[in-house]
Amino acid sequence: MADYLANERKLSLKVVYYGPALSGKTTNLMQLHNLLDPQRKGELMVLETRDDRTLFFDLLPIGLRSRSGLDLRLKLYTVPGQVQHDSTRKAVLSRADGVIFIADSQLNQQDNNATAFDNLTDNLQKLGMDIEQLPLVVQFNKRDLPDAIDEATLQARWAATPWAPIALASALHGHGVVESFRQLLARLYPALDREFALAAEHGVDAPAFIRLLGAAHEAPHA
Amino acid sequence: MLNFEEDPHLADLLPSEQRERLCRLLGELGGGAVAVSEQARTDAEPLELNLETLGWLYGDLSPQRRQAAARLLEAILLQVAKYRLAANLHHDTTEASYAELQSRNRALLASRMRYKALAEQLQARVKAQVSLVEQAQRQLYESARLRAVGQLAAGVAHEINNPLGFISSNLRVAADYLNELAAKLRGDPLAGQLLEDFRALLEESLDGSQRIARIVADLKTFANIDQADFVPCDLNALLTSTCHLLRAENPRAHNLQLELGELPRLAGYPAKLSQAFYNVLDNAAKALGENGQIRVSSRNTGEALEICIEDNGCGIADAIKTQVFDPFFTTRDVGAGSGLGLCVARDILAAHQGEILLDSQVGRGTRVTLRFAPH
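If you read the sequences in order, they're chains A and B.
Mapping the first sequence onto my numbering, position 84 (from 1) lands on 84, and the numbers just tick up by one.
To convert, count from 1 in the second sequence and add 222; that's my numbering.
Careful: at least some of the hints might be erroneous.
[As the list claims (entries may be wrong)] Partner residues are not named here, just some residues of chain A that face chain B (Cβ under 8 Å, in silico):
| no. | residue |
| --- | --- |
| 1 | M45 |
| 2 | L47 |
| 3 | F56 |
| 4 | P61 |
| 5 | G69 |
| 6 | R73 |
| 7 | K75 |
Treat the hints as calculated values from the structure; they're not laboratory data.
Where is the CB? At the ideal position from N, CA and C, for every residue including glycine.
Starting from the given sequences, assemble the full structure and let the hints guide the process.
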């Protein structure tokens with residue numbers, strides 16, 4: 001839920017990377033930290049535990065300042081994917097303005113994807129949010145693996161949902177990460193503009209919003 | 223509730239004691255004095271954490287060293303913030319889990335209470351059903367017994383009535399013959415004496431056969447097997463015939479007084495009413511000692527028809543008064559009493575919208591009142 005402090009002209013937003021365990025949520029965030037060149041970028045906070053599994057969350061704060069003086073912050077969180085950390089997942093998801101769901105493209109992971117997506121729907125409902133209304137991007141990660149389901153099948157499967165077309169990525173190699181994020185920024189903007197008049201009062205229209213927050217370094221990635 | 227992700231202030235992350243210690247160490251490293259302020263200063267290096275300026279580092283260091291000191295402090299702050307964020311999140315989730323556990327506990331408690339109430343209800347219903355079954359069993363037992371006794375009595379009565387008829391009639395004819403013999407033998411004093419004796423014998427026999435006829439008639443009334451339905455009953459007549467039977471059966475009951483008032487007829491089962499009277503009378507007779515007396519009275523109080531059966535027998539001890547109506551409770555030897563007498567009497571009274579009242583004193587006697595509401 002966007003949080004606006006009028007006296008500081010500070011608007012805080014929250015985007016959560018959700019998805020099954022080991023689908024690449026933290027990898028997405030790490031690559032964003034490397035590749036993204038927004039107007040303002042903070043330190044990446046990684047709170048992983050043994051075996052590099054996320055226990056609490058990871059956090060990457062980015063932001064922009066408009067000429068009008070609006071101080072817009074966007075905090076990117078990941079949730080722990082493991083089933084047993086559901087209460088942590090729910091706490092991190094609370095008050096989210098947008099969600100990027102990271103699914104695993106491997107054929108044998110489709111059950112886990114479905115379970116995690118159900119869990120997302122469930123937790124949103126418990127937190128009083130409607131998944132149909134929430135800006136949401138579905139990213140199928142690990143496109144580089146040999147047993148990844150082919151793109152046409154995936155797009156066809158998701159075509160009838162409000163989240164089509166789905167994003168594809170190979171986060172480990174930095175492919176598709178920034179594109180997925182930009183897709184979310186595009187889906188996030190209309191609601192923000194409606195509530196806070198970003199274009200009219202602060203001179204931040206949709207292309208500027210995406211450019212200022214979703215810019216990438218010039219150098220090609222690995 | 224404070225959200226775990228609220229941006230912290232410098233004081234939240236570094237208490238003043240630690241802040242002073244860090245500044246002193248940084249000063250020693252940089253070779254000058256170092257201080258941190260939460261107010262913006264022009265000659266200071268801002269301390270940033272997650273895009274938020276937490277404070278300003280200043281002091282008499284070269285700009286380059288001041289920057290290095292600020293970055294070092296930022297690195298420390300990042301680690302502290304990391305821990306703080308994780309701790310706050312942990313706190314939030316623990317509280318949420320605890321609240322959820324509590325609400326689940328409340329729900330469980332409520333459902334446990336529901337089940338408890340249900341179990342109690344079930345138990346009460348089972349108890350009620352059991353007592354219903356017991357009562358039905360008792361009635362079945364008694365009505366089967368009654369029917370058997372009634373059939374036997376009716377059969378015996380029928381079988382006795384025939385020979386009794388010709389015995390009575392023969393005795394009367396014999397008396398006539400005796401008169402004729404007397405006429406023929408007039409003048410013989412010895413024969414006259416014999417005939418006199420003979421006449422007395424015949425009269426006694428006739429008297430005896432009349433008594434048998436009465437008993438047979440009473441038996442038929444008592445058994446009443448032909449009348450299974452509610453019919454208007456003459457309580458006094460039922461009482462009288464039951465007393466006759468009791469006298470015939472129990473020699474101690476010969477001293478029995480009947481004081482019957484006028485009663486309206488009462489709709490009921492005559493055989494069952496007789497059975498109730500008999501059960502109470504039988505108890506009274508069995509309680510009697512030497513010189514025992516039974517007084518049976520009936521009256522119409524206007525509000526109820528009352529039948530009172532009093533004896534001056536041994537009485538009932540207080541300790542067992544509450545038990546005498548329980549099924550299978552008896553003070554008599556095994557085989558001598560079924561323990562159903564008063565219990566069945568009470569059931570029969572209840573079936574006639576009546577009640578049975580007990581008043582007894584040990585050594586003085588017992589009074590049983592059978593009260594019927596008139597229709």
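Okay, the hints, checked on the actual structure:
The interface hint given for A:M45 holds, since its Cβ lies 5 Å from the closest Cβ of chain B, which is under the 8 Å cut-off. Interface hint status for A:L47: upheld, as the beta-carbon distance to the closest one in chain B is roughly 5 Å, under 8 Å. Residue-level restraint check for A:F56 holds (minimum Cβ-Cβ distance to chain B is 5 Å; threshold 8 Å). With a least beta-carbon distance of about 4 Å to chain B, the hint placing A:P61 at the interface is held under the 8 Å criterion.
With a least beta-carbon distance of about 15 Å to chain B, the hint placing A:G69 at the interface is violated under the 8 Å criterion. For A:R73, the shortest C-beta to C-beta distance to chain B is roughly 6 Å, which falls under 8 Å, so the interface hint holds. With its C-beta approaching chain B no nearer than about 7 Å, A:K75 sits inside the 8 Å limit, and its interface hint holds.
When held up to the earlier numbered hints, the structure conflicts with hint 5 and nothing else.
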